[in-house]
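Using the hints provided, position chain B relative to the given structure of chain A.
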Amino acid sequence: MLMRLKRDLTMAEAARTPGGARVDLLAVVDMVAPGAKVLDVGCGDGELLRLLAETRGVDGRGIELSREGVNECVAKGLAVIQGDADTDLADYPDDAFDYVVLSQTLQATRQPRIVLEHMLRIGRHGIVSFPNFGHWRIRLQILLGGRMPRTDNLPYAWWDSPNIHFCTIKDFRQLCHVVGARMEKSVALDAWGRALRFNAPWWTWNLLGEQGVFLLSRRGTNGTNGAAPSTRAAR
Amino acid sequence: MVEADFSVALQPADRAREADTPHSLVVRFGMDKPLPLDAGIDLAPFQIGYQTYGTLNAERSNAVLICHALTGDQHVANLHPVTQKPGWWETMVGPGRPIDTERYFVICPNVLGACMGTTGPASTNPKTGKPWGLDFPVITIRDMVRAQAMLLDHLGIASLFSMAGGSMGGMQVLQWCASYPQRVFSALPIAASTRHSAQNIAFHEVGRQAVMADPEWRHGRYFAEGTNPQRGLAVARMGNHITYLSDAALHRKFGRRFQDRDNPTFSFDADFQVESYLRHQGSSFVERFDANSYLYLTRAMDYFDLAADYDGVLAQAFKGTPTRFCVISFTSDWLFPTSESRAIVHALNAGGARVSFAEIVTDKGHDAFLLEEPELFAIVRGFLEGAAKARGLPPARG
Chain A
-17 MLMRLKRDLT MAEAARTPGG ARVDLLAVVD MVAPGAKVLD VGCGDGELLR
33 LLAETRGVDG RGIELSREGV NECVAKGLAV IQGDADTDLA DYPDDAFDYV
83 VLSQTLQATR QPRIVLEHML RIGRHGIVSF PNFGHWRIRL QILLGGRMPR
133 TDNLPYAWWD SPNIHFCTIK DFRQLCHVVG ARMEKSVALD AWGRALRFNA
183 PWWTWNLLGE QGVFLLSRRG TNGTNGAAPS TRAAR
Chain B
34 MVEADFSVAL QPADRAREAD TPHSLVVRFG MDKPLPLDAG IDLAPFQIGY
84 QTYGTLNAER SNAVLICHAL TGDQHVANLH PVTQKPGWWE TMVGPGRPID
134 TERYFVICPN VLGACMGTTG PASTNPKTGK PWGLDFPVIT IRDMVRAQAM
184 LLDHLGIASL FSMAGGSMGG MQVLQWCASY PQRVFSALPI AASTRHSAQN
234 IAFHEVGRQA VMADPEWRHG RYFAEGTNPQ RGLAVARMGN HITYLSDAAL
284 HRKFGRRFQD RDNPTFSFDA DFQVESYLRH QGSSFVERFD ANSYLYLTRA
334 MDYFDLAADY DGVLAQAFKG TPTRFCVISF TSDWLFPTSE SRAIVHALNA
384 GGARVSFAEI VTDKGHDAFL LEEPELFAIV RGFLEGAAKA RGLPPARG
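As you go down the protein sequences, you meet chains A and B in turn. Read in order, the letters of the first sequence are residues -17 to 217 in this note's numbering. Read in order, the letters of the second sequence are residues 34 to 431 in this note's numbering.
FYI, nobody ran anything at the bench for these hints, they're computed from the structure. Treat each hint with caution, since some may be false.
Cut-off 25 Å, straight-line C-alpha distance, at most; resulting in silico cross-link-like pairs (DMTMM-like, lysine to aspartate or glutamate) [as the list claims (entries may be wrong)]:
| id | chain 1 | residue 1 | chain 2 | residue 2 |
| --- | --- | --- | --- | --- |
| 1 | B | K286 | B | E308 |
| 2 | A | K19 | A | E29 |
| 3 | B | K422 | A | D134 |
| 4 | A | K152 | A | D134 |
| 5 | A | K58 | B | E392 |
| 6 | A | K58 | B | E405 |
| 7 | B | K66 | B | D186 |
| 8 | B | K352 | A | D66 |
| 9 | B | K422 | A | D66 |
| 10 | B | K352 | A | E29 |
| 11 | B | K352 | A | D76 |
| 12 | B | K352 | B | D71 |
| 13 | A | K58 | B | E123 |
| 14 | B | K352 | A | D77 |
| 15 | A | K58 | B | E418 |
Partial chain B-side listing against chain A, Cβ under 8 Å, derived [stated by the list, open to error]:
| id | residue |
| --- | --- |
| 16 | D65 |
| 17 | P67 |
| 18 | H379 |
Each residue gets a CB set at the ideal place from its N, CA and C atoms; glycine is no exception.
Just chain A, same shape as in the assembly (with noise of 0.2 Å):
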């Protein structure tokens, strides 16, 4: 199903750089520091992980829930394992990588918040890209036309949705408070998949973006120890 989501987002054709790699995934390669040990869950058809080899020489793992899209990874050299984030990553031991990203993923999880504390568990950091649901044209649609949103991004019919928790960018900031996670780094990108000036208030931020990418610590730990780079945009 995750991967699902993300052949759409590709068909969609939203939101790509001129070399063709979408935006959001640029955002989350921005976050991570060279030469990371990176685990990808939800991976998809491997883009980010390729991405992430090819810019930032990244070891990279992924976990997918389809087997097309596993079998596809693997056929391409990734080190990619088919598994459910919902019950998978309990088997992973602590710190175990530098960097746990769940790139359009979450929403697709059936315990958003359990999963993102495994997530704080194994990686020393976290990132996060889901669609925000507080964007003012979904806002639109249901208010105005009093039914389930669909945009570019989100493309399907409540009945056959593979995403299952939506959440706004203020409703992830307060589960990250809930976790206990620290925000390092957020990216709001709008409908062109530009980043959102970065002062600009939280408010503006979710109803604005359309996305939101996050890179997450642990409180009361240091995660921040040289590992991330200052970037706070996207490109």
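Positioned in the frame of chain A, the structure of chain B alone reads:
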């Protein structure tokens, strides 16, 4: 006929010749190079029959070790000297194949305890001048791997680029990675497990009892007594062969169709196609395999429990391993089900290994690893491609 006719042209004495002087390469280790066995015995002298394909590069960095399964042998990708059939993995190994012999130097040894040129119960015991029979020590997967390591030493190969094997071959791959992690750059355990399950031990016991119940078995001394326990071995093979397939595959291939007849004969003749097929499997197996070897190799598989060597913690077997793994299972394999492969993957993850895992959808059961499975080929090819890049091997030609 009511009883199946398993009589074959090739007699045990012919096979004994293949065991001592095989139609393949062979390396003989003398009294000065004994093989220490888990049973506490030093086996010496002993020999390993093996085949190679392709060319070892100057850096000696492109060697791939293939480990065969219970009833396989070293003839991976050449005409079989006994059956005159194609090699058992010709779809996987060869020029331009996923394990490309134009790029890699492929080695496949016959396993210890088998009967195609590596020392086993059909080989001549140098002390008596007669076949070992049941005097041959009981061997383990670890013993097989130890012998293979001696072969690699002999060939001057310090580190393997990769190794691959299905079923019992996969067990050897896993044992290699635990015993000699620094010697294995990448590994493909396919349809494998780190321990033989109770159900699998049970199937093997049925097979062994079938062999031993054959009056011609003579407590393993059939060579000396001029008999041939082909019925017992054929029945063992028939029983095991069912476990290599799946209900769906049997139904697809045979259904309830009759064999060369329109109606049942109201006898115990092979009315059904599936019966005829199994009888054929039985008789073609006894032609090329030694009954005592069957006992020893099934025993070695039964004894295999990798975690037991590491206080029951499988992850310890792979802790800090530098090997890149690609674990593969098949949806309809009920002998080595996906759950077994998942247990390997969990242990590898816990040990921090670089691991890929793919489950392939097929109705062909455990045998799928030997069959035409395009997805399997694509995954093996892609995995080796990635590993070759990491190893610094030159890319494939045109």
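Does P67/B meet its interface restraint, that is, does its C-beta lie within less than 8 Å of any C-beta in chain A? violated, 40 Å
Check whether the Cα positions of K352/B and E29/A lie no farther apart than 25 Å. violated, 29 Å
Taking only the CA atoms, is the gap from K352/B to D71/B under or equal to 25 Å? holds, 23 Å
Is K58/A within 25 Å of E418/B, Cα to Cα? Since the Cα atoms of K58/A and E418/B sit roughly 8 Å apart, the hinted pair holds (cutoff 25 Å).
Check whether the Cα positions of K286/B and E308/B lie no farther apart than 25 Å. Holds. K286/B to E308/B sits at ~12 Å (cutoff 25 Å).
Restraint check for K352/B with D76/A, where alpha carbons must lie at most 25 Å apart: The hint holds at about 14 Å.
Chain A contact restraint on D65/B - CB to CB distance below 8 Å: violated, 43 Å
Is the hinted pair K58/A and E405/B satisfied, with a Cα-Cα distance of at most 25 Å? Given that 25 Å is the threshold and the Cα spacing comes to 20 Å, the pair holds.
Given the hint that K58/A pairs with E123/B, does the C-alpha gap stay at or below 25 Å? Judged against 25 Å, a Cα distance of about 23 Å means the pair holds.
Under the criterion that the straight-line Cα-Cα distance not exceed 25 Å, is the pair K58/A, E392/B satisfied? Distance ~16 Å between K58/A and E392/B Cα, so the pair holds.
Decide if the proposed pair is consistent with the structure: K152/A and D134/A, CA atoms, cutoff 25 Å inclusive. holds, 22 Å
Has the given pair, K352/B with D77/A, been kept, meaning a C-alpha gap of at most 25 Å? This hinted pair holds, its Cα atoms lying about 15 Å apart.
The structure is inconsistent with the numbered hints 3, 9, 10, 16 and 17, although it conforms to all the rest.
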